[in-house]
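A.B. asks: Since the structure of chain A is provided, determine the placement of chain B on it from the hints.
Spelled out from the first residue to the last, the chains are:
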Amino acid sequence: MENDLNLKATELRLGLPGSDEPERQMIPRPNKRTLSDIVSEGSRSTTEEDHQDTAPPAKLQIVGWPPVRSYRKNCLQGKKDEVEGGTGMYVKVSVDGAPYLRKIDLKVYRSYPQLLLALENMFKLTIGAYSEREGYNGSDYAPTYEDRDGDWMLVGDVPWEMFISSCKRLRIMKGSEARGLGCV
Amino acid sequence: MQKKMAYSFPDEVLEHVFSFIQSDKDRNAVSLVCKSWYEIERWCRRKVFIGNCYAVSPRMVIRRFPEVRSIKLKGKPHFADFNLVPDGWGGYVLPWIAEMAGAYPWLEEIRLKRMVVTDESLELIAKSFKNFKVLVLFSCEGFSTDGLAAIAASCKNLRELDLRESEVDDLSGHWLAHFPETCTSLVSLNISCLRSDEVSFSALERLVGRCPNLRSLRLNRAVTLDKIANILRRAPQLVDFGTGYYAAELQPDVFSNLAGAFSSCKELKSLSGFWDVVPAYLPALYSICPRLTSLNLSYATIQSPDLIKLVSHCPRLQRLLVLDYVEDSGLEELASSCKDLQELRVFPSDPFGAEPNVSLTEQGLVAVSLGCPKLRSVLYFCRRMSNAALVTIAQNRPNLTRFRLCIIEPKTPDYLTLEPLDVGFGAIVEHCKDLSRLSLSGLLTDHVFEYIGTYGKKLEMLSVAFAGDSDLGLHHVLSGCESLRKLEIRDCPFGDKALLANAAKLETMRSLWMSSCAVSFGACKLLGQKMPKLNVEVIDETEPPDSRPESCPVDKLYIYRSVAGPRFDMPPFVWTMDEAVRILH
Chain A
1 MENDLNLKAT
11 ELRLGLPGSD
21 EPERQMIPRP
31 NKRTLSDIVS
41 EGSRSTTEED
51 HQDTAPPAKL
61 QIVGWPPVRS
71 YRKNCLQGKK
81 DEVEGGTGMY
91 VKVSVDGAPY
101 LRKIDLKVYR
111 SYPQLLLALE
121 NMFKLTIGAY
131 SEREGYNGSD
141 YAPTYEDRDG
151 DWMLVGDVPW
161 EMFISSCKRL
171 RIMKGSEARG
181 LGCV
Chain B
1 MQKKMAYSFP
11 DEVLEHVFSF
21 IQSDKDRNAV
31 SLVCKSWYEI
41 ERWCRRKVFI
51 GNCYAVSPRM
61 VIRRFPEVRS
71 IKLKGKPHFA
81 DFNLVPDGWG
91 GYVLPWIAEM
101 AGAYPWLEEI
111 RLKRMVVTDE
121 SLELIAKSFK
131 NFKVLVLFSC
141 EGFSTDGLAA
151 IAASCKNLRE
161 LDLRESEVDD
171 LSGHWLAHFP
181 ETCTSLVSLN
191 ISCLRSDEVS
201 FSALERLVGR
211 CPNLRSLRLN
221 RAVTLDKIAN
231 ILRRAPQLVD
241 FGTGYYAAEL
251 QPDVFSNLAG
261 AFSSCKELKS
271 LSGFWDVVPA
281 YLPALYSICP
291 RLTSLNLSYA
301 TIQSPDLIKL
311 VSHCPRLQRL
321 LVLDYVEDSG
331 LEELASSCKD
341 LQELRVFPSD
351 PFGAEPNVSL
361 TEQGLVAVSL
371 GCPKLRSVLY
381 FCRRMSNAAL
391 VTIAQNRPNL
401 TRFRLCIIEP
411 KTPDYLTLEP
421 LDVGFGAIVE
431 HCKDLSRLSL
441 SGLLTDHVFE
451 YIGTYGKKLE
461 MLSVAFAGDS
471 DLGLHHVLSG
481 CESLRKLEIR
491 DCPFGDKALL
501 ANAAKLETMR
511 SLWMSSCAVS
521 FGACKLLGQK
531 MPKLNVEVID
541 ETEPPDSRPE
551 SCPVDKLYIY
561 RSVAGPRFDM
571 PPFVWTMDEA
581 VRILH
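Protein sequences, first through last, are from chains A and B.
Residues 1 to 184 (UniProt numbering) are what the first sequence spells out, left to right.
Residues 1 to 585 (UniProt numbering) are what the second sequence spells out, left to right.
Keep in mind that the hints were calculated from the coordinates and are not lab data.
Nothing false has been slipped in among the hints.
Below, computed lysine-lysine pairings styled on DSBU-like, alpha-carbon distance capped at 30 Å:
(1) A:Lys73 to B:Lys269
(2) A:Lys73 to A:Lys103
(3) B:Lys433 to B:Lys457
(4) B:Lys309 to B:Lys269
(5) B:Lys309 to B:Lys374
(6) B:Lys72 to A:Lys73
(7) B:Lys505 to B:Lys47
(8) B:Lys457 to B:Lys374
(9) B:Lys156 to B:Lys127
(10) B:Lys25 to B:Lys133
(11) B:Lys72 to B:Lys505
(12) B:Lys227 to A:Lys73
(13) A:Lys73 to B:Lys486
(14) B:Lys266 to B:Lys374
(15) A:Lys107 to A:Lys174
(16) B:Lys309 to A:Lys73
(17) B:Lys486 to B:Lys458
(18) B:Lys411 to A:Lys73
(19) A:Lys124 to A:Lys73
(20) B:Lys411 to A:Lys107
(21) B:Lys227 to B:Lys309
Next up, chain A with everything else stripped away, as it sits in the complex (with noise of 0.2 Å):
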């Protein structure tokens, strides 16, 4: 450990980027990313980000970047909701008996087994395995959605872009009332 300012910590030179540079030793972090990680994005597969985090899955967004200041955010936040609900970005949770709603940012997610375990994770419950014949017969819970049209639909019957494109907002009813839907 240097006791005074080395002239060669302070001698500059004009060298292509990476010679002769110190050790630097960038051990990864269990929680963090590095900016490849997160600028590469759009190439990862479902299994590497189910594996990354012990946290919810991770956001595509870097954090404070762009540099908009959370009040703004939350404000054309809650707009795009009554908006553009339909586009599938933040949409409502609620469960039944629940006493409060919570909210999802649904493009997180990459597909209905991913948002299936966030919710159970959520909200503490289980919703167990979807079937297309059965639905979720047999579960606690079903998680079931509000379309454009104003229908309530079942979680799981739609192709995954379909549901994300459509989805207002997501209610998980308890398993004996969801049986109604289920039933084709």
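C.D. replies: For chain B alone, coordinates are given in the frame of chain A:
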């Protein structure tokens, strides 16, 4: 002979002369002339501005300036606005209020920015200062409407209560009713940040009605459009007005009532608010548009055609804040209609969308730079830029003093040539000789910093993100920018060398922020050890910096000059590197 002349003025005369000197810089200069001037000046200084609340302690300020009536304090670093400074970092105002309560019983004005203000602080203010007049809480947090109630109830001569962009725990709208019926002194009231759906409207109406000197009134979202007319009719003398929701079903009688109310406000020059606008109600503003100098539509999701129509009615506009829904076409109209324009801010409507949702490009900014000869200040979010456009803007508008460009995707190159934007920003600093504030974005190499260091002699604040190749970049800035006061950097490959080589420079600046860069813990310790007048704070929420090798980069670094020494109100995730190489925590 000259000495005799200097001493022939009694102190009272000098004091009287000094009373005409208002600016902080000039006051500071006066105090440096000689000891007697220092003494006289310090006794008659009434206003103090402290740009970093940790640069000096309350006691030191009180000791030097015993007769202060007005204080302005800033707390958290600017990047706190973008969630880069963890909650609990600091910036508490209570210690200041507590000291001033005893020392400045005649304090009249408190202006705070980015500080943590508790209800306890507000109650203390209400109790301690009998002649309290002005409270401005800009981007503050930590208090609720209970604290506001205390201020409203106790401050008999309150003139200004401005809560702009603060986060308030909105417990109840009834705090407004705590203004006594005898309170008629309000000149400015800004409650636009309050979310409460139940602002006591009748209390507000009565308050507005009995304050004949009210010049500035900014309502919150909860106030619906139909209520605006009532308010305006009680305050036709308003100069600055912020609406609430500007949306309702179009009804002819509501419209004509509103239009009439606006037209009765002959002094109205500035408008803001406009959450949720129904375009059909915009023409209600047309009678006052010719007088408007400032218009904030940055929360209004109205499309370009409606914006164009509105703006074309405002030839005197000096300041416009708007969303990118304005599009290039809207900005072209602005350029042709508003020749007095000095400040333009264009905010993104969909900052996190991957694809552009509006047709706003560099063309809009080029048009404004060409058409508006008085343009000085720009904040512009867009998705593409070119060196050619930046050069054109720089050549058109050498009178720019503030230029903040945010190209939404990091490291975006010139979209025409795919080159870095070094030359473009270089032109900005070269041509705009009075540029005092600059924010960079896009793909940038060390070259841009060379330009900045060479030409940015008046640059006081620089914001950098995802730019540069090596320490040379940082070195150019620190060694070249003579007027630099604030430097904030994120996600750049700047490490130890430039920082240590320019350590002395840091004492001439207010502060330096570096996050997600490559400064090692060892360098931080060295800096803290060698520079006793700097507080070197390492911020890391995941683990203590000394649990890793010294060569490891720190997560976040905040360095600021201070005569107060290290602070003692740090949370567990902040460490100060001090002289004895003890890591204070």
